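Spelled out from the first residue to the last, the chains are:
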Amino acid sequence: MASLVFLAVPLVSAEPVSPADLKALLARIKEKRAAAPQVQADFQEEKTVHMLNKPIASSGKMWFQSPNKFRREAKGNSPSITVSDGQHLWIYYPKFKSAEHYSLGKRSPLDAGIAAITASLNLENVEGTYHIAGTKEADGYQLQLTPRNPSMKRLLQSFSIRLNNELQVVRTEMLQPNGDRIITTYSNESRTPIPASTFEFTPPAGTDVTNPLGK
Amino acid sequence: MRLHSLIAHLVTQRRGFVWSAIALLCAASVYILVTRLKLDSEVLNLLPSGFESVEGLKVYNRDFAQVRDLTFALVCQPDDVDKLEEFGPQFAEKLRAQPWCTRVLSGAPIETPEGIRDLQSIALPLLLNLEPAAFDETISLLKPEKIAERLHRLHSELEAGSPRPQIELGLDPLGVIAPALKPFASNAAIEEDQPLASRDRTMRVFLTVTNQPTIGAIDCQKLMQEVKAFQANAHEGWDGGPLQILVTGRSAYVAEISLSMRHDIVVTLLGSIFLVGGVFYIGFHRWLPLIGMGLTLLLCCLVALATGLLIFHQLNMVTIGFCAILIGLGVDFAILVFGRYQQARDEGIDHQAAISEAVKGLGKAIFFGALTTAVGFMALMLAGSQGFTQLGVLIALGISFAGIFMMTVFFLFLPRKSSAPRKDWMFAMVKNYVRWTVRRPAPMLWISTPLLLILTAIAFSPKPPIIFDVSTHSMEPKRSDAGYALKTIMAKMPSRWEPVIGIVRTADPQQSHDYWQKVAAHWNDLQVAGKIKSFSTPAALALSPRRLQTNREKLRTIDFVAARTAFDSAIASEGFSRETFDSAFVLLDQLNGAATLPGELPDWRTQLPQKSSWWFLVDRYFAHDPLLTTGFVTTNEPVATQEQKEMLRRELPVEGVPMVLSGWSFTLTDLVPWSHRQLILISALMAVFDATLLALLYRDWRLWLIQVATLTMAVCAMIASMKLLQLPLNLLNVLAFRLVLAIGVDYGIYVLLVWQKARQLDHDVAGVVKPVILAGLTAICGFGSLGIANNPTLAGLGYACALGLFWSLAATIFFTLPAAAAAEPRSWREESLKPRIPHPENV
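Residue numbers (the numbering used here), protein chains in the order written: chain A, 49 to 263; chain B, 1197 to 2039.
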């Protein structure tokens, strides 16, 4: 088995993408996203948090509408629904019948976090926010993003996105300055239209709503 | 021997005696100045006492550390916002390294690990200060089952993807700090109240506390020298486009204002000397009397200052600056006396007799001139301001000394031998004018009266309005770096305007706690009702000793061993890493100690590290004496109107809590009625005094009426000119009206007293009108030269006085004189113009 892996290494070796090719690649991605500005996919996530001894694994489904609307439903032992319409972010915990509400655009650290999430799904104007390096791999591309903006740098050390040859995001890896790491893999991507109501959220009756960062 | 003869005898025959007396007077004055001179550099002492807001401002300036704050701002181009964000921490580090810098705030303390750690260090007293119900609910979280439940819940939320558990566990693993900080948090939103970065990110603000030993002008200047040197080198490491490094704050303003005041004094004094000397020389073509006049005025200032020092024990620096006014006023007497003396010499009268003639002819006029001016300035005592009282008394003393010295000492400088009379074109012109206007007063009256009446109408008309500028901006130098910095910050952060402050002094910590609880509750109601925008108080930090004791007793019911064990096992069972929660174990130990150890808890001020950014918040509320505290109210709009001020004065106080409301904008608005009262009531009192004095002096209702009309129209013309030229009135240049009344009335007195006694009207009246014109021109030039001052209030005073004196002089020459002539029968006027003795052409 070890020798098979050893032999396979040359086959998956990556070539750096030149700046011109990278620009062309981003233009292609943009074109594709413009044609279908929405996406939905299943995801699997592994989160390594410095506070916890073991990584957290979760899975579920996400929906995204360019430029900044998204919905994420996580299943399992700790289910949650995260919905953002670009101005408000809701995180609902059905198990506890509680929800957190955050206002976006108030220069809170959360904005940088949301920007990081949407960047991977959107990839629009990422050049303005990140330094980007790319490599061409056999089955697609690997983009390495490092934040330009110091407020983003405080939250995110690096961000890598793996795209398949159809330019679909298949894996992202987010590394935070405190060592926390989130690896997400996507599958079953679809670009069919998404109803607007997907990105709306009203807490069910009896939900305990909190505003952790204030109104 | 009559007084005028005695004076003439002394200054001509007993010169040695008079010089000795002067030397003695000078020596005594210099001795007093050297041994007793104490300068009060407090600008606030210029504001009237008896106003709570003014006293509050003084207390705030004197007792709160915040007056040592300097605010730095970095402003970059829009393309460089990311670079600025990266450069910010470097700049903050450079600031921290400065020897004059005690603390720096470059971001919200809660967002930094140090800020969180510092906050945890004072969590215990804040927790024990919670009100009973909140405290009970909070410590219930220390029950073993609650600890396990909470950690499980946070773990689940963390798994579900919430960002909140990480924040919460980082700051408050046990869950007892957040409730303790809840009251504090409502005040801790520095970033919300006073953002440290502009919305467009092109500006970042850094707050610093300096270690200057005092807040006096000299220390402020020294500090700002070092700050300027830092500013010059602080760009190092910046690789973007143009970057402005701005600085503002009280020290920056005080340094600038004091330096600009020195500049103003030198520049306006030199300007006055040049202009006054020029006018004098043009009028008389002689230097020695000019030098004599200067030295005599210097003597007046010296003696007035020494006497003032004996009376007040210390003198305000600004008051001394205003002594320049004295020179402008004293010059009048010298010109009048010399004009009369020179006229007598030109008529061939010898030195001693000419002196006698000058004193005899003008003694009464100068006495009454000095009296009206002195009373005018003494009226400043009614303003109730220490600075203005000193100013009034000093100038009243100075003008009295000027009256005395100009009729005695001044003559010592005049040469015994008179140079040959030369053609005096000015006198000839004046004489021709007097002769023409006495013979045919109507044409001149037809020109001057309608013009003055039109200006009077404009003065009374509501449009155009007179501008009354009471903003703090009206008091800062014209070219002010600190002012520019503040304006730039305000423009980029419009939400930053100066709050109203409520100062509360208490007898003990318990009272401080009780008072602020009441105030915070009341202000919260006002905020909910929309009467104020926001507020912040020291309520959370004003700890209640009674409550601390009660809550410590309650802590004894907690089983800390069980809590510790439960916490430990919950960490393990939920899979948390133990080292993340070290601070929680420390807190558990502290709580256990508070419950079991006897004695008082350590003061939280000693627990909070001196370098902590939280001190910016603490120092906002607490003076050096922690029983002197202040709260802040941000109004819906910057305070500018009486209605706003009245509403705040009505709504903000709380029954049973003695509170002083203050703040610069609030105080300046509070002073507007005072300023109006100064303008109207005291000027009216002065006018009544003048009118009464004139009635006694002339004992002729026609002349009295003419001069009262002259004064009224001159003041109205001054107001109209200020309206038309859009020159604003401010809190200090309302003085101009009093000055104009005091000096303007003198011109009329000089002319009309001579008019009444004239033997040959054109000769005698021209003999006084020429010096009056020269005196008027020197005064206008003297005050006009204040216009080049950097300080807008001083410049405003200069412009207003120059305008007022111009109209007083013009009205005296072109209205009083022809009106006095018109009041007499034609036959009397013709008779008065006939020469009784032959005069040379030039006289």
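These are computed hints drawn from the structure, not numbers from a lab. Errors might be hidden in some of the hints.
Cross-link-like lysine to any residue pairs, in silico, SDA-like; alpha carbons within 20 Å at most [unchecked claim]:
1. B:K1339 to B:P1375
2. A:K102 to B:S1769
3. B:K1279 to A:E121
4. A:K145 to A:E121
5. B:K1279 to A:T194
6. B:K1339 to B:K1727
7. B:K1727 to B:E1796
8. A:K201 to B:D1278
9. A:K201 to B:W1434
10. B:K1418 to B:D1278
Cβ-to-Cβ under 8 Å is the rule here; a few derived chain B residues that face chain A [as the list claims (entries may be wrong)]:
11. E1281
12. Q1286
13. A1356
14. R1360
15. L1365
16. F1772
17. E1847
18. E1851
Since this is a predicted model, take the numbers as computed values, not measurements. Here a beta-carbon is modelled for each residue, glycine too, at the ideal position from N, C-alpha and C.
Hints, verified against the model:
1. Among the hinted pairs, K1339 (chain B) with P1375 (chain B) is consistent with the structure: their alpha-carbon atoms are about 16 Å apart, no more than 20 Å.
2. About 12 Å separates the Cα atoms of K102 (chain A) and S1769 (chain B), which keeps this hinted pair within 20 Å; it holds.
3. Using a Cα cut-off of 20 Å, the hinted pair K1279 (chain B) and E121 (chain A) is violated, with the two alpha carbons roughly 38 Å apart.
4. The suggested pairing of K145 (chain A) with E121 (chain A) holds, with an alpha-carbon distance near 15 Å, which does not exceed 20 Å.
5. As the CA atoms of K1279 (chain B) and T194 (chain A) are separated by approximately 15 Å, the hinted pair is consistent with the 20 Å bound.
6. Straight-line distance between C-alpha atoms of K1339 (chain B) and K1727 (chain B) comes to about 43 Å, which puts the hinted pair past the 20 Å bound.
7. For the hint linking K1727 (chain B) to E1796 (chain B), the alpha-carbon distance of about 41 Å lies beyond 20 Å, and the restraint is violated.
8. Of the supplied pair hints, the one linking K201 (chain A) and D1278 (chain B) holds, its CA atoms being roughly 11 Å apart against a limit of 20 Å.
9. In summary, the hint linking K201 (chain A) to W1434 (chain B) is supported, as the alpha carbons are separated by about 19 Å, within the 20 Å threshold.
10. For the hint linking K1418 (chain B) to D1278 (chain B), the alpha-carbon distance of about 34 Å lies beyond 20 Å, and the restraint is violated.
11. Satisfaction of the interface hint for E1281 (chain B) is found here, the shortest Cβ-Cβ separation to chain A being roughly 4 Å, below the 8 Å cut-off.
12. The interface hint given for Q1286 (chain B) is broken, as the beta carbon of that residue sits about 11 Å from the closest beta carbon of chain A, more than 8 Å.
13. Hint status for A1356 (chain B): holds, given a least beta-carbon distance of 4 Å to chain A, under 8 Å.
14. Look at R1360 (chain B): its Cβ gets to within about 5 Å of chain A, closer than 8 Å, so that hint holds up.
15. At its closest, the beta carbon of L1365 (chain B) sits 6 Å from a beta carbon of chain A; the interface hint therefore holds under the 8 Å criterion.
16. At its closest, the beta carbon of F1772 (chain B) sits 6 Å from a beta carbon of chain A; the interface hint therefore holds under the 8 Å criterion.
17. A least Cβ separation of about 25 Å between E1847 (chain B) and chain A goes past the 8 Å threshold, and the interface hint is therefore violated.
18. The interface hint given for E1851 (chain B) is violated, since its Cβ lies 31 Å from the closest Cβ of chain A, which is over the 8 Å cut-off.
Hint compliance for this structure: hints 3, 6, 7, 10, 12, 17 and 18 are broken, all remaining hints hold.
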